[in-house]
Amino acid sequence: MAKDLNKISIIIPVLNEAENIGRLLRYLTENSSSKNVSEIIVVDGESTDRTAEIVKNFTLTDVKLISSKKGRAKQMNVGAKASTGNILYFLHADTFPPKDFDQFILDKIQKGHEAGCFRMQFDSNHWWLKLAGWLTKFNLKVCRGGDQSLFITKALFITIGGYDENYIIYEDNILINELYKRNKFTVINQKITTSARLYKKVGVWKLQYYYLAIYLKKWFGASASELHNYYKKRIG
Numbered sequence: 616m617a618k619d620l621n622k623i624s625i626i627i628p629v630l631n632e633a634e635n636i637g638r639l640l641r642y643l644t645e646n647s648s649s650k651n652v653s654e655i656i657v658v659d660g661e662s663t664d665r666t667a668e669i670v671k672n673f674t675l676t677d678v679k680l681i682s683s684k685k686g687r688a689k690q691m692n693v694g695a696k697a698s699t700g701n702i703l704y705f706l707h708a709d710t711f712p713p714k715d716f717d718q719f720i721l722d723k724i725q726k727g728h729e730a731g732c733f734r735m736q737f738d739s740n741h742w743w744l745k746l747a748g749w750l751t752k753f754n755l756k757v758c759r760g761g762d763q764s765l766f767i768t769k770a771l772f773i774t775i776g777g778y779d780e781n782y783i784i785y786e787d788n789i790l791i792n793e794l795y796k797r798n799k800f801t802v803i804n805q806k807i808t809t810s811a812r813l814y815k816k817v818g819v820w821k822l823q824y825y826y827l828a829i830y831l832k833k834w835f836g837a838s839a840s841e842l843h844n845y846y847k848k849r850i851g
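For the sequence shown, counting from 1, position 99 maps to 714 in this note's numbering; every step adds exactly one.
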């Protein structure tokens with residue numbers, strides 16, 4: 616791809632993220648270049664707080680607010696369809712990429728990498744979460760997750776078929792699995808910072824156990840609905 620043709624569309628699925636979305640939008644604007652970023656697309660999944668209002672009132676850069684039915688896979692697919700960039704960057708609302716993240720992504724694209732993520736660190740000093748973050752530097756499928764964000768060329772995203780909307784949870788891993796099958800994944804050696812809020816709410820060891828159980832259930836053939844039901848019952 617010619618460098619001057621590469622533009623990134625940042626896609627952020629949200630549901631009741633009034634506490635985080637304004638801060639994230641300001642951060643993205645201040646830590647990237649408009650010459651690299653085509654737009655920021657916030658896809659709201661029927662929020663009942665001030666999320667949509669905050670996004671509508673944000674004027675510092677080209678931010679689009681789109682409504683969608685609830686469900687991250689649905690929301691991210693809707694955002695991808697509305698995007699104008701040839702590179703998609705999927706980001707959670709409580710996750711902050713490194714400064715100049717856009718240039719790091721474009722550098723990888725220029726080297727022929729069609730998809731990948733950043734290393735991750737939690738905003739927590741808990742030793743297990745620090746270890747979990749450290750493990751994300753390895754380019755192994757078992758070390759991947761949606762909190763590390765994901766960049767992917769739009770062409771490859773379309774070829775794969777986007778996110779599987781049957782999955783209410785685990786949708787990131789399903790897409791990442793497809794990328795590893797194609798040997799199309801790389802890890803950028805820069806750290807993204809994500810919130811440990813769910814670990815704080817549920818408990819570090821309890822939540823880690825639930826995540827491991829979900830991973831093993833999928834490994835042994837559990838359906839998308841079975842994974843979702845387990846998540847709802849154990850995590851909420």
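Bear in mind the hints are in silico, worked out from the structure with no lab data behind them. Note that the Cβ used here is the ideal one computed from N, Cα and C, for glycine as well. One or more of the hints may lead you astray.
[Claimed, not checked] Each pair of labels, with its calculated beta carbon distance range:
1) Lys726 <-> Lys684: 23 to 29 Å
2) Lys769 <-> His741: 23 to 29 Å
3) Lys745 <-> Tyr830: 33 to 39 Å
4) Arg849 <-> Thr699: 35 to 41 Å
5) Glu668 <-> Trp749: 36 to 42 Å
[Stated by the list, open to error] As a list, the in silico DSS-like pairs of lysine-lysine whose alpha-carbon atoms are at most 27 Å apart:
6) Lys756 <-> Lys650
7) Lys833 <-> Lys726
8) Lys745 <-> Lys679
9) Lys847 <-> Lys815
10) Lys806 <-> Lys684
11) Lys815 <-> Lys799
12) Lys745 <-> Lys689
13) Lys847 <-> Lys832
14) Lys745 <-> Lys622
15) Lys752 <-> Lys848
16) Lys684 <-> Lys726
17) Lys769 <-> Lys650
18) Lys726 <-> Lys671
19) Lys832 <-> Lys756
20) Lys650 <-> Lys745
21) Lys752 <-> Lys832
22) Lys816 <-> Lys848
23) Lys833 <-> Lys685
24) Lys815 <-> Lys832
25) Lys714 <-> Lys769
26) Lys752 <-> Lys671
27) Lys848 <-> Lys832
Evaluation of the provided hints:
no.	hint	verdict
1	Lys726 <-> Lys684: 23 to 29 Å	violated, 37 Å
2	Lys769 <-> His741: 23 to 29 Å	violated, 37 Å
3	Lys745 <-> Tyr830: 33 to 39 Å	violated, 20 Å
4	Arg849 <-> Thr699: 35 to 41 Å	holds, 40 Å
5	Glu668 <-> Trp749: 36 to 42 Å	holds, 38 Å
6	Lys756 <-> Lys650	violated, 32 Å
7	Lys833 <-> Lys726	violated, 33 Å
8	Lys745 <-> Lys679	violated, 34 Å
9	Lys847 <-> Lys815	holds, 17 Å
10	Lys806 <-> Lys684	violated, 31 Å
11	Lys815 <-> Lys799	violated, 34 Å
12	Lys745 <-> Lys689	violated, 31 Å
13	Lys847 <-> Lys832	holds, 15 Å
14	Lys745 <-> Lys622	violated, 33 Å
15	Lys752 <-> Lys848	violated, 32 Å
16	Lys684 <-> Lys726	violated, 36 Å
17	Lys769 <-> Lys650	holds, 18 Å
18	Lys726 <-> Lys671	violated, 36 Å
19	Lys832 <-> Lys756	holds, 16 Å
20	Lys650 <-> Lys745	violated, 34 Å
21	Lys752 <-> Lys832	holds, 25 Å
22	Lys816 <-> Lys848	holds, 15 Å
23	Lys833 <-> Lys685	holds, 22 Å
24	Lys815 <-> Lys832	holds, 24 Å
25	Lys714 <-> Lys769	holds, 23 Å
26	Lys752 <-> Lys671	violated, 36 Å
27	Lys848 <-> Lys832	holds, 15 Å
In the structure shown, a violation is registered for the earlier hints numbered 1, 2, 3, 6, 7, 8, 10, 11, 12, 14, 15, 16, 18, 20, 26, in ascending order.
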